Amino acid sequence: MGTEQYHEPPSELPAATRTFARLCTSLTEEAEAIGWYEQRLAIEPDRDARAIMRDAQGEEFKHFSMDLEFLLRRTPLWREIAEGILFTEGDIVEHGEEAEEEAVEDEASRGVPVTGSESLGIGGLKGDSA
Amino acid sequence: MSHLLREHAPITQEGWSRLDSEARERVVPALAARKLVDFGGPHGWAHSATNLGRTEGVSDAPEGIEGNVRRVLPLVEARAPFAVARSELADADRGAEDVDLDELDTAAVRIATAENAAVFHGWSAAGITGIAEASTQDAIPLGEDCERYPRHVAMAVDALRAAGIEGPYGMALGPEAHTNGLETSQHGGYPLLEHLREILGGPLVWAPGVQGAVVLSVGGGHFLFESGQDLSIGYESHDAQSVQLYLEESFSFRVATPEAAVALTP
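Protein chains in written order, with this note's numbering: chain A, 1 to 130; chain B, 1001 to 1266.
One should not assume that every hint holds.
Said to hold, decoys possible - Selected chain A positions facing chain B (in silico; Cβ < 8 Å):
{"no.": "1", "residue": "Arg22"}
{"no.": "2", "residue": "Leu23"}
{"no.": "3", "residue": "Ser26"}
{"no.": "4", "residue": "Leu27"}
{"no.": "5", "residue": "Glu29"}
{"no.": "6", "residue": "Ile122"}
{"no.": "7", "residue": "Gly123"}
{"no.": "8", "residue": "Gly124"}
{"no.": "9", "residue": "Asp128"}
Since the hints were made in silico from the structure, they are not lab data. Please read these numbers as outputs of a predicted model, since none were measured by experiment. Just so it is clear, CB atoms sit at the ideal spot from N, CA and C, and this is done for glycine as well.
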């Protein structure tokens, strides 16, 4: 159960990648919970129960946002693309296409692997005692 | 454009991938401190100081005003220069597997060693107090006799427990002691390092830059490494023969719980 979040053998993954995968899983779970509360709220007639659910959903908003911020900090390319999309007005798809194109071309022109930043991406290594 | 100026280097995308990959491969085994202490960040190159949450009184505040200045721990920039021959980079682009990156390999171990030394023994000019020097526990002489290592490590773990410091516990073992330990089997042939891991209940890591060894709690919250810019390769200059590059990072380190570590002196 605890290792289902890994797509590759955990023992072969660096500690930083395992942490990244854990937070991706957490992000998914928070998004699911937000969706579940939205459905419950849509059909719950009791006013007090609705207030509790809305409060709980607010917690999930917070958790989702913290997970996302962590992942963006560890992934500069993702962050750059997200900056072109989040908190903007207008056509979301258009912003997305533009942000992706600009960020990826910019990275590629600098000789940076598309999946990473300019750093070696090592981060913390707790849990990696080899 | 980032301050690393990588786009100014006469290095192809394939070349950069090779350099980054080689650096990662060489530096990770030597980064002992990161395997044992908490890692925060990276917060980026512009991040200059760690908030300590403390203030210091200002003596010459205007009359009727109390002045306090915030105390912060500045980040230190560590840079290890190295050179790569342009002919080797050209060979890498042709698909050569045996590219000479010796200087990069040496720089990688050098910067990892410096990071470990700062974390475990301090870097006073940079304002960093190391784990061994901050420890309020009595130091235990490690000695030359490897057979006695388990006894010393058990004493260190007992001292941490007695001080109310919870495990799991880990150990950074300096290269000399690590080599001695690796070559030693105890009675019955059981590897010494495995025995030490069992006593610790946590990781035992090879730690270039560490004198003797340090036993510490890896439970979290005790030892705080803050990264500004994580380890990266940057560009300095080039001529017809070679490219001057460097491995660089910025970081601070502080000890929150001095009693959570025991130094084992060489």
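How the hints compare with the structure:
1. Arg22: 15 Å, violated
2. Leu23: The hint is violated - Leu23(A) has no Cβ within 8 Å of chain B, the shortest such distance being about 14 Å.
3. Ser26: Interface hint status for Ser26(A): violated (18 Å vs cutoff 8 Å).
4. Leu27: 20 Å, violated
5. Glu29: Because about 22 Å separates Glu29(A) from the closest Cβ in chain B, which is outside the 8 Å limit, the hint is violated.
6. Ile122: 6 Å, holds
7. Gly123: 6 Å, holds
8. Gly124: This interface hint holds because 3 Å falls under the 8 Å limit.
9. Asp128: Since chain B brings a Cβ to about 6 Å from Asp128(A), closer than 8 Å, the hint holds.
Hints 1, 2, 3, 4, 5 from the list above are not met by this structure, while the remaining hints are.
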